[in-house]
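A.B. asks: Residue numbers (the numbering used here), protein chains in the order written: chain A, 1 to 252; chain B, 1 to 252.
Keep in mind the hints are simulated off the structure, nothing from the lab.
Quantities reported herein were computed from a predicted structural model and do not represent experimental measurements.
Certain hints may be false.
[What the hints assert, rightly or not] Heads up, simulated BS3-like pairs for lysine-lysine below, C-alpha to C-alpha not over 27 Å straight-line:
no., chain 1, residue 1, chain 2, residue 2
1, A, 41, B, 9
2, A, 235, A, 9
3, B, 123, A, 9
4, B, 9, A, 9
5, B, 123, A, 123
6, B, 123, B, 99
7, A, 9, B, 235
There are 2 protein chains.
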Amino acid sequence: MLFRQLFDKESSTYTYLIADLQTHEAAIVDPVVENVDRDLKLIHELGLSLLFCLETHIHADHITGTGEIRNRTGCKGLVPENAHTNCASGFVKHGQMLKVGSVTIEAIETHGHTDSHMAYLVKGGSTDHCVLTGDALLIRGCGRTDFQGGSAETLYDHVTQRLFTLPDSTLVYPAHDYRGQTVSTIGEEKRWNPRFVETDAATPSQIRDSGSHRLRQRADFVQIMNNLNLPDPKKIMEAVPANEHCGKKSAA
Amino acid sequence: MLFRQLFDKESSTYTYLIADLQTHEAAIVDPVVENVDRDLKLIHELGLSLLFCLETHIHADHITGTGEIRNRTGCKGLVPENAHTNCASGFVKHGQMLKVGSVTIEAIETHGHTDSHMAYLVKGGSTDHCVLTGDALLIRGCGRTDFQGGSAETLYDHVTQRLFTLPDSTLVYPAHDYRGQTVSTIGEEKRWNPRFVETDAATPSQIRDSGSHRLRQRADFVQIMNNLNLPDPKKIMEAVPANEHCGKKSAA
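Put together the whole structure using the sequences plus the hints.
C.D. replies: Right, dumping it as structure tokens:
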């Protein structure tokens with residue numbers, strides 16, 4: 001399996017390229033329109049054939065590259081079931097297994113940041129599995145829940161019941177990071193994510209000896225989320241309508 | 001082995017954390033002073049014990065975090081042999097093997113960006129080896145050669161003779177990237193790095209079938225490097241003197 005993390009500096013968005021190096025089939029997750037040339041050049045240089053673009057959700061902070069990539073490659077553009085768009089090539093259901101050669105991408109419904117959101121569990125070869133967590137679970141954080149049908153209650157339930165139940169060694173690759181972190185693990189987030197768990201100080205040996213974590217109560221999480229008082233993303237008025245039309249700036 | 005790539009958005013610098021998860025020993029490569037809190041927090045959360053900070057070279061575009069980390073942890077600060085500093089805990093020689101538990105870090109002298117520069121080949125477990133290439137080899141590029149005793153001739157010789165001779169599957173982790181790329185491979189750079197090779201267009205199947213690459217002549221490379229006409233790094237007047245004093249802004 002080939003697995004590449006790509007970064008958009010302006011919006012701090014991560015895009016992921018996944019491929020089977022035997023069949024040369026590939027998928028790209030959460031591409032950003034400004035980086036389409038970069039991403040297609042890489043796909044060309046690696047000799048890959050792109051099967052589909054996959055969205056974790058309808059983004060509010062950048063315009064998706066899916067429409068442009070679909071136009072230029074003929075690949076499919078897939079979005080989570082119930083996403084607010086009518087131009088996708090297809091919708092992905094909870095539990096659905098997408099295939100990229102021998103690599104499997106399993107969709108895990110993880111609503112709450114928006115009312116339609118999937119994480120994608122990537123299984124390829126003998127290495128640890130990777131989960132692309134979109135904006136549901138970030139490194140030591142999580143996506144906001146105050147627009148696009150977000151719900152703190154749902155986010156808590158889906159993250160704790162569907163992501164924190166994955167093996168601790170599962171690598172966590174989020175859709176964004178604003179502090180220069182690139183990857184984490186489920187075990188780390190269960191122990192150190194301050195939105196979901198109590199993270200009081202501990203010595204290194206206590207940390208190593210402790211497999212346990214103290215999950216916050218659902219009501220505590222909801223209170224944290226309801227008191228973030230964040231400004232709207234700079235591009236929300238432009239990005240959401242564009243992304244509902246697969247990245248086109250005005251409706252087709 | 002634990003391997004973490006960390007990013008400094010302002011200077012587009014990558015810092016690397018390497019650890020043996022059995023012994024909990026760790027090393028950090030090319031830390032940035034503004035991120036020391038972030039990096040030490042991560043080391044604490046992972047339950048690691050930091051043995052040393054390692055520099056690929058004396059940087060001109062950011063101030064190293066090594067002095068600050070050494071002060072706060074008591075670890076060693078190691079720099080390449082002949083680096084222009086007299087405050088390092090030790091100097092690393094070409095071919096030297098550093099140990100972080102069962103992980104081996106082999107120093108590879110790769111001068112030319114500056115007159116003292118090491119790449120570090122990281123070997124841990126059964127996964128592909130990683131080479132931290134500093135500013136010698138960047139993804140589809142290389143470091144400039146017009147200050148700090150740089151030499152395009154030397155850079156060409158060391159990259160082509162000491163990095164391009166590593167196995168094609170070796171993962172390339174540079175000290176910087178300005179286009180959101182996080183990792184490459186030696187095979188990819190031998191085929192697609194426009195500074196070192198001719199990269200004419202090819203079809204995907206030609207790319208896959210072609211194991212060969214057309215290395216530029218040394219004189220062509222030197223001509224490219226001598227005609228870049230880059231402005232000085234914004235922080236060079238502050239960063240180089242500070243880094244010659246292990247990150248202190250004025251000489252101790």
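A.B. asks: Among the hints numbered above, which are violated by the structure, and what are their numbers in rising order?
C.D. replies: 3
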